[in-house]
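Starting from the known structure of chain A, fit chain B onto it as the hints suggest.
Spelled out from the first residue to the last, the chains are:
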Amino acid sequence: MNADRRSGRAFVFGDNVDTDALAPGLYMKGSIETLARHCLEALDSGFAGAVRPGDFVVGGENFGMGSSREQAAMVLRQLGVEAVIARSFAGLFFRNCLNLGLAPLECAGAGSIQSGDVLTVDPVAGRIINRSRAQTYSCVPIPDHLLEMVKDGGLLPHLAKKLERQRDVS
Amino acid sequence: MGRTLAEKIIARAAGRDFVQPGQIVTCRVDLAMVHDSSGPRRHKAMLEQLGAKPWDVSRIVVVTDHYVPAFDAESAAILDLTRRWVRDEGVANFYDMEGICHVILPERGHLRPGMFAVGGDSHSPTAGAWGCFMFGIGATEMCGVLVTGEIWLKVPPTHLVRWNGRLGEGVAAKDIMLALCRDVGLGTVKYGVVEYTGSAVAASSMAERMVLTNMSAELGAQTGIIAPDRVTVEALAAAGVSVPEAASWQGDADAIYAKVWEFDASALVPQVAAPHSPANAAPVGDHRGVKIDQCYIGACTGAKLDDLRMAASILRGRKVARGTRLLVAPASQRITAAAAADGTLAALAEAGAILMPSGCGACAGYGAGVLAEREVCLSSTARNFKGRMGHSDSLVYLGSAYTVAASAVTGRITDPRPMLAEKVAA
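If you read the sequences in order, they're chains A and B.
The opening position of the first sequence corresponds to residue 133 in the working numbering, with each subsequent residue numbered one higher.
The opening position of the second sequence corresponds to residue 600 in the working numbering, with each subsequent residue numbered one higher.
Looking at chain A on its own, in the form it has when it is part of the complex (with noise of 0.2 angstroms):
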């Protein structure tokens, strides 16, 4: 996440998108560029080509369960999708997402938002707001700790900032 409220236009899935679906097994040994442009093409074949920067991917209960691939976020990132949000997540896409600085956000109204909807999002207060609908929904805040590692762009650079600062300290 690039600042703390963004705004872009919802793409939107069912229950338990599968990490398959995600990042597809035929096309794992690729670039990250070729994977994403076969991601979730088994639910929507037009989705890679039409997702653009800033947009949201929207899901129901269980997003990204399966495979601990996290090419299955990467690709995600890759696309420029902003965050994930969904009613539930399968445990490991939910870590494998803010280790790649990819924000999940559950959501209990996802429910409610439709494709083409365009959102605003604000991961700190923890609100997303649909201003197709003029709904706003509240989601689960990512703890600041967490949102700090998404914001520098996941684990690794997180972890480079981290040790960069213990060399100056030394």
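Just so you know, these hints were derived from the structure itself, not from any lab.
Accuracy of the hints is not assured; some may be wrong.
[Claimed, not checked] Calculated cross-link-like contacts (lysine to aspartate or glutamate; reagent style EDC-like; alpha-carbon spacing at most 16 angstroms): (1) Lys293(A) <-> Glu647(B); (2) Lys789(B) <-> Glu280(A); (3) Lys293(A) <-> Glu280(A).
Here is chain B on its own, set in the frame of chain A:
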């Protein structure tokens, strides 16, 4: 207040007397396992970027199983990079094309009850059958573990799943898990621990117990676990591991569970899960007659020696139907050797099964055996998500090795029990 087995292991790894669900703790990692897809290929550059080295190579296990054997230039390069990293870092625990990581770990004596471990693969909960707390993580998080030897977690609540009674002839652990995917659901346990218990679990082999903990991933659990007993201790001994305190890793009698689920194994019939979810499970009879192009016995979930023997018990004296192919990829080289020694492989080959190398293969859509558009597969693996085994418009059904073998004989989804009964009669 009583503690569950998982809580005891986490407390030990966190250096605390006591932990409770919801608490966030940092744990020392006893063992970190990676494979060719999630491992050096991903973490080598990350470690270099950080200028860091692995914290303890004696605690790292590397297995090549996803891109084996290499099938094109890219997969060959991934394997080459893996071998180079292992050599450069001096990782002794390296298993190159010898089997699937989750099967290799216990087979080569790396697991012992009470262990706290992480794996770069979502089916890492498999180790829970051996009384370990092991869960899957992504490659970036693994890089953090390799640097620090530690990982944080939010202590998960434990769900107790009790299977009373005994499984009937032709019914397997796979049927238990497909029924659980339907009856418990894929996300209900919300990254908690699923602990399996009951007379049906006690009566099952380690290989079958590993199916239960393996498919805990499908239930959305952080991991699955089974308290060690006499069967565990004997199997550990067979793998050359002698742990005097092995059987002492037990939950307390007054442990607090998020929920206790009770099921009757005696009433369970073979299950088949329809595309595109393991939760689409139903008694095999509900899918009877669905025509199958490919039958697949493979992967960490469904190609251990027990599975191969289940298939052989059906296939002896029978043939794979014309118009159907049966692919068998034993889960490890040692399993292949054992199956060759006891005549199991011969029974499969004589029936017309096509033997494949040990590896993850078609289960994850990698390598040989993937499906074309509109093709229908019945598989002993864990996942049938849309497009996972090949073309996004292929169809994958899941069943036990018994059911896959019986269906290979008829070319259609078939209840294995009458074929087994016929054998007994003959």
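Results of checking the hints against the structure:
{"no.": "1", "hint": "Lys293(A) <-> Glu647(B)", "in the structure": "15 angstroms, holds"}
{"no.": "2", "hint": "Lys789(B) <-> Glu280(A)", "in the structure": "25 angstroms, violated"}
{"no.": "3", "hint": "Lys293(A) <-> Glu280(A)", "in the structure": "11 angstroms, holds"}
In this structure, the one hint that does not hold is number 2.
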